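Asks: Sequence:
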Amino acid sequence: MSEKEVLNILGKKVALGESAKVSFSVAKLHTQNTIEVPVIIERSKKPGPIVLITAGIHGDEVNGVEIVRQIISKGINKPKKGTIICIPVINVFGFIHMDREFPDGRDLNRVFPGGKSGSLASRVAHKLMTEIVPHADLILDFHTGGADRFNAAQIRIIKNDVVLDELAQIFGAPIIYYTKNLNKSFRNTCYKLGIPMLLFEGGKSFHIDNNVTNTGVNGTKRILNHLGMLNRNFKVSKPKKSCIKILDSKWIRANHSGMFKASVDVNTFVKKGDVLGHITDPYGSFNHFVKAPNNGYIFNVNESPIIYQGDAIFHISTKLQQ
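In terms of the numbering used here, the sequence shown opens at residue 9 and continues consecutively.
Hints in this document: simulated from the structure, not taken from any laboratory. A portion of the hints provided could be inaccurate.
Taking lysine to aspartate or glutamate pairs in the EDC-like style, the calculated list, with each CA pair at most 16 Å apart, reads [stated by the list, open to error]: (1) Lys188 / Asp256; (2) Lys89 / Glu26; (3) Lys253 / Glu174; (4) Lys12 / Glu26.
Just the calculated beta-carbon pair ranges, DEER-fashion [what the hints assert, rightly or not]: (5) Lys188 / Phe277: 19 to 27 Å; (6) Val170 / Lys82: 27 to 35 Å; (7) Asn222 / Ser27: 24 to 32 Å; (8) Pro46 / Asn222: 20 to 28 Å; (9) Asn302 / Gly113: 32 to 40 Å; (10) Val14 / Asn222: 30 to 38 Å; (11) Lys124 / Asn263: 46 to 54 Å; (12) Gly126 / Gln329: 35 to 43 Å; (13) Leu328 / Val170: 17 to 25 Å.
Please read these numbers as outputs of a predicted model, since none were measured by experiment. All C-beta atoms in this analysis are idealised placements derived from N, C-alpha and C, irrespective of residue type, glycine included.
Kindly generate the complete structure, drawing on both the sequences and the hints.
Replies: Written as structure tokens, this is what we have:
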């Protein structure tokens, strides 16, 4: 058999038409228990693209894990042609403790491409980049907003990339947010290898939102359908709204500490001077109104009831692509 007919991954050979569940372990817990990172592989009898679907780079981003879980449980990951590789939880260490980072305190998304003799997070990054990522033709990576900051469902890509632009529009999230690739991130490392990635953001940590989940699952189906990989048992829906393309943005930060309540939701267009929320104190001595500094779309809202001066409370677009 040719190399395309047999996928050699993590020491296991998976032929066309076969399914496999493999895993990799990098280190043991302090109790000597081995932590395995499951990798679920589904191959059609017909050759085609290899799509890698990942989530859980940050252990507290449960909504991304839920999206990949649904893709697997519904059988969307069983392709009509080609291969789909799913890793629902990359940072299993963090997921167990509901912690963003690894036990070594490092953010996995800031240590790529990693090294085989580096920190624990670095070793996981290295394993991913050397033994799994090189097989992929396209990567869909699912994230959520950090802490209590709720992200509107969005695809993040760099500017002026024709391939990513087309794929992002096919995915059909309400927002395409053009951002630079961060140094040592998973996205930037894959970009340097020439492997396109759509990074999905939606929701917040420790929370599962049905709208965000549905957007991620439906977007995945549209991408797989575009590639001719979606099983005919599944229908593809059109996006409910036309896509908003954000070129630049700014964070609105709290001028006061106190109790906070937003009065606008994500995906809301506001005008300069509109009231977005208010900050009060427990004693009723003041009530500060947070106002929009410019016209734009709100695409992240801090849902924490208690905030401190300087905290990011809203993310607003400052420049849109027409």
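Asks: Each hint needs a verdict: does it hold in this structure or not?
Replies: Going through the hints against the structure:
Straight-line distance between C-alpha atoms of Lys188 and Asp256 comes to about 11 Å, which keeps the hinted pair within the 16 Å bound. The suggested pairing of Lys89 with Glu26 holds, with an alpha-carbon distance near 12 Å, which does not exceed 16 Å. Note on Lys253 and Glu174: the hinted pairing holds, with a Cα-Cα distance of about 13 Å set against a maximum of 16 Å. Between Lys12 and Glu26 the alpha-carbon distance is near 13 Å, which keeps this suggested pair within the 16 Å criterion.
Take Lys188 and Phe277: their Cβ atoms lie about 25 Å apart, and the range 19 to 27 Å holds. Separated by about 31 Å at the C-beta atoms, Val170 and Lys82 satisfy the suggested range of 27 to 35 Å. A beta carbon spacing of about 26 Å between Asn222 and Ser27 agrees with the range 24 to 32 Å that was offered as a hint. Evaluation of the 20 to 28 Å hint for Pro46 and Asn222 yields a pass: the beta carbon distance comes to about 24 Å.
About 37 Å separates the C-beta atoms of Asn302 and Gly113, a value consistent with the hinted range of 32 to 40 Å. At roughly 36 Å, the beta carbons of Val14 and Asn222 sit within the given window of 30 to 38 Å. At about 48 Å, the CB distance of Lys124 to Asn263 agrees with the hint of 46 to 54 Å. One distance hint, 35 to 43 Å for the beta-carbon pair Gly126 and Gln329, holds here, with the actual separation near 39 Å.
As the Cβ distance of Leu328 to Val170 is approximately 20 Å, the hint placing it in 17 to 25 Å holds.
In summary, this structure violates none of the numbered hints.
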